[in-house]
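Visitor: In case it helps, this note's numbering puts the sequence shown at residues 20 to 175.
No wet-lab data here; the hints were simulated from the structure.
Mixed in with the good hints, there may be bad ones.
[To be verified] FRET-style restraints, in silico, Cβ to Cβ:
no. : residue 1 : residue 2 : range
1   : 125       : 102       : 32 to 42 Å
2   : 106       : 66        : 51 to 61 Å
3   : 144       : 124       : 43 to 53 Å
4   : 130       : 90        : 29 to 39 Å
Given the structure is predicted, the values throughout are model-derived calculations rather than measurements.
Cβ atoms here follow ideal geometry from the backbone N, Cα and C, with glycine treated the same way.
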Amino acid sequence: MSNTRDGQVRDLDDVAREMRQNELENQDRDFSWRKQDVQDEAGALGEYQRQLEEVQQQIHELEQRLHRLRTLQIENQSNKQRDNQHKRKLLEEDQRLDFQQHQVRVQLQAIKDLRELDERQAVEQQPETPAYFPPQVSDDDEPVSEYTCSQVFPSW
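Make a model of the complete structure from these sequences and hints.
Guide: Printed below as a string of structure tokens:
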């Protein structure tokens, strides 16, 4: 019986070893799966980390662009204000020049009117000049003699 018992004990030892071996193989397989899962997760985590870094870089670039755009917007606003002030000054200058041009035209017309009036008054106030009678030439060959008014008009 001892053989049987020894055989059974050995069988039990073999079964226990086999079970232990199976358990170790299962643990090893579980460990391999877990190891693969961890590697997959690490790979995924590495990919997520890379994507996160890309997104952070894009955010940084967008923040820089936003800062530049805001700076340009501020500069543009000040340029627009300066341009509007310049346009307003030009418009005021244009209006002032239009007014001056109108005044000069009015003065010029007044000068023309005064000149015409002066010319008319000068003509009206001018004494009549006696008519000019050129010397008479006779048909005969005698020299033309000059006559005085008393000779022509004895009653004078």
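Visitor: With reference to the structure, classify each hint as holding or not holding.
Guide: So, going through the hints one by one against the coordinates:
no.: 1; hint: 125 - 102: 32 to 42 Å; result: 34 Å, holds
no.: 2; hint: 106 - 66: 51 to 61 Å; result: 57 Å, holds
no.: 3; hint: 144 - 124: 43 to 53 Å; result: 30 Å, violated
no.: 4; hint: 130 - 90: 29 to 39 Å; result: 59 Å, violated
In this structure, the hints that do not hold are numbers 3, 4, in rising order.
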